[in-house]
Amino acid sequence: MSARRTFAKWLVVLGVLHGIVVCAGFIAPYDPVEQDRKSPYLPPMRLHLADAHGHLHTRPFVYSLRLREGSFDQYEEDTAVPHPVKFFLSGTRYRLLGLLSCRMHLFGAENARIYLLGTDAYGRDQFSRLLFGGQVSLLAGLLGAGITLFIGLCIGAVAGYYGGWRDSLLMRVAELFLALPWLYLLFALRAFLPLAVSPLEAFFLIIAVIGAVGWARPARLVRGVVLSSKERDFVRAARGFGATNGYLLRRHILPETSSVLLTQAAILIPQYVLAEMTLSFLGLGVPEPVPSWGNLLSSLQLYSVLVSYWWMYLPALIMVPFFLGYLGLASSLQERGEAYKIEKSSLGSLT
Amino acid sequence: MKNRRANFLCCQMLLCPLIALVVLLGHPAPGSPQQKGTKEEIFVLPGDAGRSGGRLVVSLRGEPKTLNPLIAADSRSREVIGVMQADLVHINRATQLTEPALAKSWKISSDGLAYTLVLRQGLKFSDGQPLDADDVLFTFRVYLDENVHAPQRDLLIVGGKPIAVRKVDSHTVVFQLAKTYGVGERLFDGLAILPRHLLEKPYQEGKLGQLGTLATAADQWTGLGPFRLKEYVAGQRLVLERNPYYWKSDAKGNRLPYVDELVFLFVPNADAQVLKFQSGETDTISQLGAENFSVLSKQQRGYTMLDAGPGLEYNFLFFNLNDAGEKTSPETLRKQKWFREVKFRQAVSAAVDREAIVRLVYQGRGSAIWGLVAPGNRRWGNEKLAHPARSLERARALLKEAGFSWSNGPNGESTLLDSDGKTVEFSILTSSSNADRAKMAALLQDDLKQLGMRVQVVPLEFRSLLDRVTQSKEYDACVMGIASFDADPNSDINVWLSNGGTHLWNPSQAQPATPWEAEIDRLIEEQMSARTFEQRKKLYDRAQEVLAENQPMIFLASPNILAGAKNSIGNFRPAVLEPYVLWNVERLYLKNGTENAAR
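Read top to bottom, the protein sequences are chains A and B. For the first sequence, this note's numbering assigns the number 1 to the initial residue and increments by one for each residue that follows. For the second sequence, this note's numbering assigns the number 1 to the initial residue and increments by one for each residue that follows.
Keep in mind that the hints are not guaranteed to be accurate.
Quick list of in silico lysine-lysine cross-link-like pairs, DSS-like style, CA-CA up to 27 Å [unchecked claim]:
#1 Lys-591/B - Lys-38/A
#2 Lys-38/A - Lys-298/B
#3 Lys-591/B - Lys-252/B
No lab work stands behind these hints: they were computed from the structure.
In isolation and in its complexed conformation, chain A is listed as follows (with noise of 0.2 Å):
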């Protein structure tokens, strides 16, 4: 029963951090594209509840930042005016879930701007930039799993139930993809493929890449259980009153399947965000100014980024919660599985 609440729980967590992914365009104050030239390098901005001199305000409030008299990079605050944060602004026109056309934001403050996280070299706003990178990277990862575990399934269960030569050829397949040097590979492809590729169909390239590579493994777990489950005595007892091919597999075989399948999705999809976000860091990924996490991270490859801007690193950290709500949904996965596996082999032994 408690593997089915931590279940809950986690499901519970990642659902709501994918919900404020969904809809970056209502809390992120602004267009991750858009270019404040007269900030690059903006630090952080704190948020204050006591002003200079020592009036505390019911509303929290920032002071914006301007650059030290000289410098191009050190910011100091301006204390003359606090901007209040104000909730529901119109801004930006954005789509939520894509379709919707609105321009209400969550948060952001009249005559100034806010920058949660600091700002980029382009003076382009992290916060924005991480949620709305958020929507590219997860995606990448859901449908690279999705298109996996579907490659997986269908070999995986042809050459489990079919066996003989079919099962050889696609087991030696499955091997050779999991020996290939897939980013070698992949620049190589880079390489031929047009000079410009535009944003999406450079996220295409990428979700068919990523899903493409990973298919080995889920099809050997598959092709496992469909070898195991297909000589059962309730698909024997089927099979003995006529039932065809498809049917059995489809009413009897690939349903147990189903519990490894989710255990692998719960795991791949954060090694795909991750891959993801690496063929990004390499520059392989969507091109700039679209943001992705993999993106965001790519300007720590130059040193004096490395160690002026430290916000530089957040979007590192933002992939922790997400990886373990995944990993914990996975682990609570496995623990159901196998308990309901315990409760099957005690029963076994019964009869």
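Start from chain A and add chain B according to the hints.
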């Protein structure tokens, strides 16, 4: 970007001279070596005296390809060759004026066609062999030999004819030009005088090009520069030692150079260079980006960082204006219709936020530019050239005049359409290894978005970028930068002339493709043979105007020259010309009591 630095070759004559040399190498003679016969005419430099001894360690962005000035084309090789070789007349990097070098004086005949150079007496190569007029004759014979393919050859063809060199006596040489040459004696800068005793035999055998690899034995290579070869460790360092026969001394009569050893560490990239400098492994650093400069400035520990002011590098955007004939894809043809429209290029130029580039890319350590002559070049810039501020209205008006229109998308964003109703979208190439230019391209992308142009930035490895621009010509637009090696217009001649290899928007044309390119060609050619500075300046100013009107290159910004050195390094005075820090390497010294043996 013609290469002019020169150097020496490796010898194959062994035996007798070698034995003497080995003895010498074993005991590097301090001060002046023994002199026989004629008295040495040493070049005495004014200024503070330094301290002799010690080792200077500098970083080099990767291994040089060769030590041979006849084949060196990369900047790393040129930097190393620059400290191992010497020229007849040298451009002082600080004053940007010429000064005597191996030639103690020169005279130009009244018709401007004959240059008489008098060599210093009693000079010796770094292997102790004497220098005389025959070495100079040999050098220019080699440079001008078509079979050698020396990059210096182009520079020695004046008025379509190679310069003729004649010996008057053992220390006087006359150079006869077919046509007056505005560059004057600057022409000799960087043309290394080669050792005839080492190279004549390989030259006759046609093997010159194979000489001067880094693995050359130290006694097989020689030059007239302040340092000579000592040791090469593949992938790690090149060690040079002081040339005991070097022909310069300080005001107190101490023979230069001061340091005993000059070590070039091979460091693969800019960030690694910064780390090596920070940890004290190298003594100086140059070619710094503004961001790394500010990092180093913030945590100064025993070193000084210096902003030497505006340099000669210019960064620009250009469009593909090549006429590749039938090979051109229909898509490229469609785009070239926009690129060829001068109003389109002017509109792009008007939309560029140059101030933002200076601020965001160079952290204010740079200047916005509107022409090819960078602000570091004070003599040749055209002051009358307009510096229009950024104006999107003007850009839109220009586009409208050229028949472009806009359509509004659902989210309020407008898209630029050409006269056929097609969306204006193109890509800009940048070098993936140059963070500064990648940043410029990202800013351009956003600037042009405001005109409704859809621009994509494509970072490419520099070699494949160059290949696309100069060979296959498959690209839309590109952001690049060139650093002139000298303030004289001569150094950018291949950018100006339509048949030049770095006339990037349409390189190596057989005939000028447009009337304005033909006019630039004419102005530049005339300028080359004009005799007074005023005449040359007038013609060069006009060429700059034609370029600015037609905007084949949209100039963006020019960075300042940033450098740094340990506080223990004396005479550290970076110049805005290449080689920024090592130009006065013979005078760099380690101050009292400082020992820096770090490797």
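Right, here's what the structure says about each hint:
no., hint, verdict
1, Lys-591/B - Lys-38/A, "violated (43 Å)"
2, Lys-38/A - Lys-298/B, "holds (22 Å)"
3, Lys-591/B - Lys-252/B, "holds (17 Å)"
Hint 1 from the list above is the single one not met by this structure.
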